[in-house]
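Participant: Put together the whole structure using the sequences plus the hints.
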Amino acid sequence: MSISYIPGNGSLSDPSDNSGIIHHHVLSVLVENRAGVLARIAQLFSRRGYNIFSLAVAPTDDSRFSRITIVVDVDSAPLEQITKQLHKLINVIKISELDPAESVECELLAATVNADISARGHVMELVALFDGKIIDVGTDKLTVLATGEPSKLDDFSELLSSFGIVELQRTGRVALAKLERQSNKFKNTTGRAG
Amino acid sequence: MKLTGAQALIKSLEMQGVEVMFGLPGGAILPVYDPIIDSPIRHILVRHEQGAGHMAEGYAHATGRPGVAMVTSGPAATNIVTPLADAYMDSIPIVVITGQVATGSIGTDAFQEADTTGITMSVTKHNWLVTNANDIPNVVAEAFHVATTGRPGPVLIDFPKDVANATMDWYWPTSIDLPGYKPNTRGHSKMIAAAVKMLFESTKPVFYVGGGVLKARGSEALAELVELTGIPVVTTLMARGAFPDDHPLCLGMPGMHGNYTAVTSMQQADLLVALGSRFDDRVTGKLDGFAPNAKIIHVDIDPAELGKLRRPDVPIVGDCRSVMEDIIRSIKADPQAYNQRADISDWIVTVKQWQEKYPLKYDQPSLTGVLKPQYVIEKLRDANPSDTIVVSGVGQHQMWASQYWKFNHPYTWINSGGLGTMGFAIPAAIGAKVGKPDRVVWAVDGDGCFQMTAQELVTASMEQIPIKVALLNNSYLGMVRQWQELFYGERYSEVYLSPDLPDYVKWSEAMGCASFRVESAEEVGPAIEKANEINDRPVVIEFRTDSSEKVFPMVPAGVSNDNIILGPEGLVKT
Chain A
253 MSISYIPGNG
263 SLSDPSDNSG
273 IIHHHVLSVL
283 VENRAGVLAR
293 IAQLFSRRGY
303 NIFSLAVAPT
313 DDSRFSRITI
323 VVDVDSAPLE
333 QITKQLHKLI
343 NVIKISELDP
353 AESVECELLA
363 ATVNADISAR
373 GHVMELVALF
383 DGKIIDVGTD
393 KLTVLATGEP
403 SKLDDFSELL
413 SSFGIVELQR
423 TGRVALAKLE
433 RQSNKFKNTT
443 GRAG
Chain B
-11 MKLTGAQALI
-1 KSLEMQGVEV
9 MFGLPGGAIL
19 PVYDPIIDSP
29 IRHILVRHEQ
39 GAGHMAEGYA
49 HATGRPGVAM
59 VTSGPAATNI
69 VTPLADAYMD
79 SIPIVVITGQ
89 VATGSIGTDA
99 FQEADTTGIT
109 MSVTKHNWLV
119 TNANDIPNVV
129 AEAFHVATTG
139 RPGPVLIDFP
149 KDVANATMDW
159 YWPTSIDLPG
169 YKPNTRGHSK
179 MIAAAVKMLF
189 ESTKPVFYVG
199 GGVLKARGSE
209 ALAELVELTG
219 IPVVTTLMAR
229 GAFPDDHPLC
239 LGMPGMHGNY
249 TAVTSMQQAD
259 LLVALGSRFD
269 DRVTGKLDGF
279 APNAKIIHVD
289 IDPAELGKLR
299 RPDVPIVGDC
309 RSVMEDIIRS
319 IKADPQAYNQ
329 RADISDWIVT
339 VKQWQEKYPL
349 KYDQPSLTGV
359 LKPQYVIEKL
369 RDANPSDTIV
379 VSGVGQHQMW
389 ASQYWKFNHP
399 YTWINSGGLG
409 TMGFAIPAAI
419 GAKVGKPDRV
429 VWAVDGDGCF
439 QMTAQELVTA
449 SMEQIPIKVA
459 LLNNSYLGMV
469 RQWQELFYGE
479 RYSEVYLSPD
489 LPDYVKWSEA
499 MGCASFRVES
509 AEEVGPAIEK
519 ANEINDRPVV
529 IEFRTDSSEK
539 VFPMVPAGVS
549 NDNIILGPEG
559 LVKT
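Those protein sequences? They're chains A and B, same order as listed. 253 is the number of the first residue of the first sequence in the numbering used here; add one for each residue after it. -11 is the number of the first residue of the second sequence in the numbering used here; add one for each residue after it.
Since the hints were made in silico from the structure, they are not lab data. Bear in mind the structure is a predicted one, so any value in this text is a computation, not a measurement. Certain hints may be false.
[Unchecked claim] Chain B regions said to be covered by chain A (calculated; three or more residues, Cβ under 8 angstroms):
#1 91 to 97
#2 157 to 170
[Claimed, not checked] So these bits of chain A aren't anywhere near chain B, every CB distance computed over 12 angstroms:
#3 346
#4 369
#5 378
#6 403
#7 411
#8 419
The beta-carbon is built from N, C-alpha and C at its ideal position, and this holds for glycine as well.
Facilitator: Put into structure tokens, the structure is as follows:
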């Protein structure tokens, strides 16, 4: 852990960068764990013309509920409408918009990259730098895995691309609000709707 | 007590107080039709599943109670999608039960299988696929709760055949477990106070009343609020009758075919109090040119309506009646503020002047000449009690009925507003008459609409539901014809229907109705009288009306409401 990469201002989340990432909003949606809930949410987004950037679904510690982390790519006015429309779904229990500054985010990236004998050492070095793992080894390819903040993975995949990415998959981010400490108040974003 | 799933479903409907349901059986729903024989619930056998859905809507409109329809799987389920979409747009509480293939066959493209919950997801408030017979009472209780509370709307229960045949231990739930559904009905007190302040500061206010006031049973509260404030009222297409048309402060219907005063008062207002209305494009015209100087107080039980199209200055989430009552209480609690409120008498004078200068008008040339549809509506209105329920389809006849009838009681006007479903009138009128058998129910229909759902007159005859139908036959898809005349250089494309084909009188008679034809103005009164004397079967009067008559005033699509066209003589700028 002594040498590891921490994303800085040079990453893709730089506000001066026009990649569009600055408009991302992260919605953490607690839903009833029932058949068809994901379809309801996906259909709502499609019908109302909202764009899902990424989406991650998993059960919570309470088996009655699942948490869906949705990254949407909109301005704040449509975002208000999105959360209100989501609230109208009967199976949606709670929605929080997670401010990146006040939440912890994590994503997983798996990639198969070209790594012949001459490149293999460099790839391994890069993986170590990003606290990643090598999960499969082929004759001239490696499959690598890394977790962390999305911007860190943006950087990782950018650097991997110089070796030649054969296949790359990301999970989309999961996020939770930062824990409250004495001097650290996080805002509760959205109210309950009918 | 052991029951089959089918018995449990019917018993659950009985527990919900269902007295009547509209439906048509088929393979997958067969088991559920057996216990109906022993149930006190009246079942009305329709001729097409779309009819069952619209009947349930008409019933709900007229009574305020949820309408219930039951049909089989596959094509029956897809046939009832239109009524679901219609009810979703107009916030009508209906509960639709569809048969489904056995759970083991779901997903195998079985006979008469359709993905009903998938298909109806976006046109229902919520839907359920029952997979276990033990869930039935819970699901039915939840379905009725969701349909009738908050912003009302349609729900659907998809009911597989094996679940209907399974057995379960009967119970009835004492509470409803929907952790994600807790509609907020009480307005926030700070917002109520802000609204009262804004009301008192305004010199040109208008109450913009929508269907939400009717859903909230809020007509009395509205009347009191208007008495207290003296503020004029426009009633949208969905709210006709929520405030009496004969009240001096009632300005009537706004929007694309609204009258000059209703449209212009909103354009010039400094404050719009939107009560259960949703800034629909047919009301606002070009949105950014709508009521440009008005502040907005927006009251709606659905938080998503607040700020969806026009950002309110004072948003109030709540039931319209509850919020109006809170506003009234708040006004009465502070007589000093009330006495110091801004003077709106100049505004009222201006509005009255518009009313006098620009009334609705049409020209009935002579009693023997060509028959104007507006004349028929006026004659119908004058020959029937004021609590007559008027049900319309969609198109020109709908606009004329809304414009020329005088709605002085709530729940006397039933139409398809949001979705604009042609063919709505006849089945919805049947549903309304079933719910309110002591009231006169007139369906005002067009010839295009009539041909879409006329088969339900067979249902009405068979079940002895004596509705009356005023069929305005102008032998065209009239509203489309009007647009082609005005905006497509009179190039008429696929809008001619023929006055004689079908022969509406013979057709109606074949369906068990009394029927007669009216071709001139002098025959109108006697024909209506004759129709009103027949109460043992449905009556259809075919009125042959002027094909070239158009609905005015009109604000063309996509322009600001300042550009209202008052009549055929052309454009008058405000």
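Participant: Going through the earlier hints one by one, which of them does the structure break, listed in rising order?
Facilitator: Numbers 1, 3, in rising order.
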